[in-house]
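Enquirer: For reference, the chains in residue letters:
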Amino acid sequence: MNYFCQSLWAIFVKDIVTELRSKQVLPTMIVLGMLIVYVMRIVCEAPSTSTIVIGPAVLWIAFLFSGLLAQERSMAAEEQENCIAGLLLAPIDPGTIYIAKLFVNVIMLCVFEAVVVPMAFVAFQLSVADRWIQFIIVLLLGNIGISSIGTLFSAMVQLTRGRGALLSILVLVILMPMMIPATFALLALFSAIPIKVEGYGALAFVGSFNSAVGYMTAFDAVFFVAGWLLFGFVIKD
Amino acid sequence: MRRILLLLAFVLLQISTWMALTLGQIAGPPANPDSVVRNILYVHVPSSMCALLCFVVLMVCSIGYLCTNRPTWDLVAAATAEVGTVFATVLNLTGMVFSHAEWGTWWTPSPRLITSAILWFLYIVYLILRANITQSQHRKARICAIFGIIAFLDVPMVYASARFIPDVHRANFSFTSAWQTTAFMLNMAAMVLLAILLTWLKTDILKNKAMLEKESTY
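These protein sequence lines are chains U and F, in that order. In this text, residue positions in the first sequence follow the numbering used here: the first is 1, and each later residue adds one. In this text, residue positions in the second sequence follow the numbering used here: the first is 1, and each later residue adds one.
This is chain U alone, in the form it adopts within the complex:
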């Protein structure tokens, strides 16, 4: 267990230090996120009531696409200088490499959100009132889901034709079901819909804010365990 923690910490620090020195990914992510938010705000010239409905969708689109940038780079950097060979030669379990990369991607998304979310709040006149903790939990669950699939798939698509484009369709198609409860949760937090929705349709499918959080946790757990177990098959050759 101690060895696992040491290896995890070593890879985690390596990736964070590399990013801090090169400043390759985070600035690009933040600028992309800001652009998505502002372009959407400009094209949504609608009365202020509907901005609360569009806001959550714009936030998730920004998180998804900027997250893809971070995930794509996290494995591409390893492949470019053939650093992956060094990682594989080290006596580390592939699952540990996966968890370390996942942590880095989650941290990157959190830093990105710390800049982009306040901007979206201003642009779309959003407010969560006193539900900040629930808001942070929802974002964190979203980040874990996006990163667990993105980290696994970014390793998969290395050395394929059209790497970036392929990664985006793979991640988006798998995360599509998770985006339904994720959007529900943000809509409920911004008071665009009631905490409980009954009847027919995609929102009633989720039901309530609590079940939306439950669905997201279940998706995260399934994707994380699957990624952790399958990562070894992806990188070994």
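Keep in mind that the hints are not guaranteed to be accurate.
Calculated cross-link-like contacts (lysine-lysine; reagent style DSSO-like; alpha-carbon spacing at most 27 angstroms) [stated by the list, open to error]:
1. Lys214(F) - Lys236(U)
2. Lys236(U) - Lys140(F)
3. Lys140(F) - Lys214(F)
Listing some non-contacts, in silico: residues in chain F with all C-beta distances to chain U over 12 angstroms [claimed, not checked]:
4. Trp18
5. Gly104
6. Met185
7. Glu215
Have a look at the derived ranges for each label pair, beta carbon to beta carbon [said to hold, decoys possible]:
8. Gln6(U) - Ile124(F): 38 to 46 angstroms
9. Leu127(F) - Thr28(U): 26 to 34 angstroms
10. Thr28(U) - Glu213(F): 33 to 41 angstroms
11. Leu93(F) - Lys196(U): 30 to 38 angstroms
12. Ala221(U) - Leu93(F): 30 to 38 angstroms
13. Thr217(F) - Ala221(U): 30 to 38 angstroms
14. Asn32(F) - Lys196(U): 54 to 62 angstroms
15. Leu127(F) - Trp9(U): 53 to 61 angstroms
16. Gln135(F) - Trp132(U): 21 to 29 angstroms
17. Lys14(U) - Gln135(F): 23 to 31 angstroms
18. Glu81(U) - Asn208(F): 38 to 46 angstroms
19. Gly164(U) - Arg139(F): 16 to 24 angstroms
None of these hints come from the bench; they were simulated from the model. From the three backbone atoms N, C-alpha and C, an ideal C-beta is built for every residue, glycine too.
Chain F: place on chain U using the hints.
Expert: Only chain F this time, still in chain U's reference frame:
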């Protein structure tokens, strides 16, 4: 053997279609009782069953490949994905026709329609992934197997949403006559047989293609 089964599937399809349009015809919507549009159910439901069945086989073959590294598993998985795409396309198209006739709209974001669309997207993305991996056959097979397993984790949602969640889409349909049940069962048998035969044929084609590629490299 395969020709006989193909003939049997064809005959079964003919009989069940004839039965569905004559003896077992389902009455149309209340606004237009003479319409035959509800008979699309005889194709729609078996297609959904076949599309899901293909995904189960795809997942089993993916696990089989990761455990044994035998190329046959990968070839069957690739064949099932292509056949599954056909059935998922039929499922969504017939669903759209039925939806337009029944509710006046081609598509609505109801849970079952969303999940059926997701199922179709998963198949298409799997095929795109296969086409884009230019590395060794072994790595290609391994990566596709991993995607097949992860994609299957999304599929239980399709089934669960069709059974347990309130929706404009019906969870089940009760037939009013024995002819309707017979026609439905015959159609279901014919479609499943067709799915098996198409997978079998496609697997053989892929096997021959792999052999030819191997020979041409020498």
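Enquirer: Mind checking the hinted window 26 to 34 angstroms against the Cβ distance between Leu127(F) and Thr28(U)?
Expert: Given range 26 to 34 angstroms: holds, Cβ gap about 31 angstroms.
Enquirer: Evaluate the given range 38 to 46 angstroms for the C-beta pair formed by Glu81(U) and Asn208(F).
Expert: holds (41 angstroms)
Enquirer: Beyond 12 angstroms from every Cβ of chain U: is that where the Cβ of Gly104(F) lies?
Expert: About 15 angstroms separates Gly104(F) from the closest Cβ of chain U, which puts it past 12 angstroms; holds.
Enquirer: When you take the CB atoms of Thr217(F) and Ala221(U), is the distance between them in 30 to 38 angstroms?
Expert: violated (44 angstroms)
Enquirer: Between Thr28(U) and Glu213(F), does the beta-carbon spacing fit 33 to 41 angstroms?
Expert: Once the Cβ atoms are compared, 40 angstroms apart, the range 33 to 41 angstroms for Glu213(F) and Thr28(U) holds.
Enquirer: Determine whether the Cβ-Cβ distance between Gln6(U) and Ile124(F) falls within the hinted range of 38 to 46 angstroms.
Expert: Once the Cβ atoms are compared, 43 angstroms apart, the range 38 to 46 angstroms for Ile124(F) and Gln6(U) holds.
Enquirer: Decide if the proposed pair is consistent with the structure: Lys214(F) and Lys236(U), CA atoms, cutoff 27 angstroms inclusive.
Expert: Holds, at roughly 23 angstroms.
Enquirer: Is 54 to 62 angstroms a correct range for the gap between the Cβ atoms of Asn32(F) and Lys196(U)?
Expert: violated (37 angstroms)
Enquirer: CA of Lys236(U) to CA of Lys140(F), is that 27 angstroms or under?
Expert: Since the Cα atoms of Lys236(U) and Lys140(F) sit roughly 13 angstroms apart, the hinted pair holds (cutoff 27 angstroms).
Enquirer: Honestly, do Gln135(F) and Trp132(U) meet the 21 to 29 angstroms range at C-beta?
Expert: violated (47 angstroms)
Enquirer: So does Leu93(F) sit 30 to 38 angstroms from Lys196(U), Cβ to Cβ?
Expert: holds (35 angstroms)
Enquirer: Against the range 23 to 31 angstroms, how does the distance between the Cβ atoms of Lys14(U) and Gln135(F) compare: consistent or not?
Expert: Roughly 26 angstroms apart at Cβ, these two residues keep to the hinted range, so it holds.
Going down the numbered hints, you'll see the structure goes against 13, 14, 15, 16, while the others check out.
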